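Protein chains: 2
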Amino acid sequence: MKTLILLSLMMTTGTLTAQQETDVASKIITMEKAALERWNKGDVWGFIEIYAPDIVYFDPYLETRIDGLEKLTELYKGIEGQVKVDKYEINNPKVQIVGNMAVLTFNLASWTGNQISRWNSTEVYRKEKDGNWKIIHSHWSLTKPELKL
Amino acid sequence: MKTLILLSLMMTTGTLTAQQETDVASKIITMEKAALERWNKGDVWGFIEIYAPDIVYFDPYLETRIDGLEKLTELYKGIEGQVKVDKYEINNPKVQIVGNMAVLTFNLASWTGNQISRWNSTEVYRKEKDGNWKIIHSHWSLTKPELKL
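Going down the list, the protein sequences come from chains A and B. For the first sequence, position 34 matches number 34 in my numbering, and the numbering has no gaps at all. For the second sequence, position 13 matches number 13 in my numbering, and the numbering has no gaps at all.
If we strip away everything but chain A, and leave its shape as in the complex, we get (with noise of 0.2 Å):
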């Protein structure tokens, strides 16, 4: 991804060093990126393998919040093998870190042939007692939706 080297950090009131900062944030980034490409050819597990057993989790097709990793693997289950995006791209990322937990926010936009969406992304990662960071909260949402009226 060209845009991912634009990446900009945050200052906040943790305390690492700015060069720490900077290596937690690629490092999430990069824990992102390689989820979204098997989750783009219908591997739902790539995500799974990095959600924390008590993520909290929203996008634009329920009816309310999903809570814990047995509910949410349940869901991807459903899903598996039907995503197919040929192009991605992650624009804008951003990653506010405090401490062992880390907030990256970007815009995506996914093609599937000529059809694109675009969607707001948050992903809250916490890093682990084994030091592994993993995803205690993500929310998707469609970028400006063209609603029913």
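No lab work stands behind these hints: they were computed from the structure. You may find that some hints are simply not true.
[Claimed, not checked] Once the Cα atoms are required to be at most 16 Å apart in a straight line, the calculated EDC-like pairs of lysine to aspartate or glutamate come out as: (1) B:134 / B:49; (2) B:144 / A:63; (3) B:87 / B:37; (4) B:144 / A:59.
[To be verified] Covered stretches of chain A, as calculated for chain B (at least 3 residues, CB under 8 Å): (5) 56-63; (6) 97-105; (7) 122-128; (8) 139-145.
A quick note: this is a predicted structure, and the numbers were derived from the prediction, not measured. We put the CB at the ideal spot given by N, CA and C, even for glycine.
Based on these hints, arrange chain B on the given structure of chain A.
The following block gives chain B in isolation, referenced to the frame of chain A:
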């Protein structure tokens, strides 16, 4: 809000005791509710006052994320006095706390006359050096929007 009584708390890897986590969660939900009640009367300043300078913001009417309080204040000034919500419900609020960051998520229902709007909401709060909590990320989206085909 009766639903606030149903507040559920996720235990996290933070160092707070369960009681301290409950106190933080209650404080944050109270702040959110106070800002929303002002918002519902057209007063946009309740939120502006609790946004951090480095807030990043999504809502469904924007082409891209808004970065920074200055730009967001401009947006809000443009809708000052225009919102009128008669009744609202915060459903199933959850607060996930990790150190000095807390993620509040809920489903919101807002009524204006007979019209109802349903929202998915993410508000990421950070404890600042002065001890006050401020919002560093806000993501509002429509719950299951009816899309034009």
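So, going through the hints one by one against the coordinates:
1. B:134 / B:49: Roughly 9 Å between the alpha carbons, so the hint for residue 134 (chain B) and residue 49 (chain B) holds.
2. B:144 / A:63: Holds, at roughly 6 Å.
3. B:87 / B:37: Status holds; Cα separation ~9 Å.
4. B:144 / A:59: holds, 8 Å
5. 56-63: holds (count 6)
6. 97-105: holds (count 6)
7. 122-128: Satisfied; 5 residues make the cut.
8. 139-145: holds (count 6)
In summary, this structure violates none of the numbered hints.
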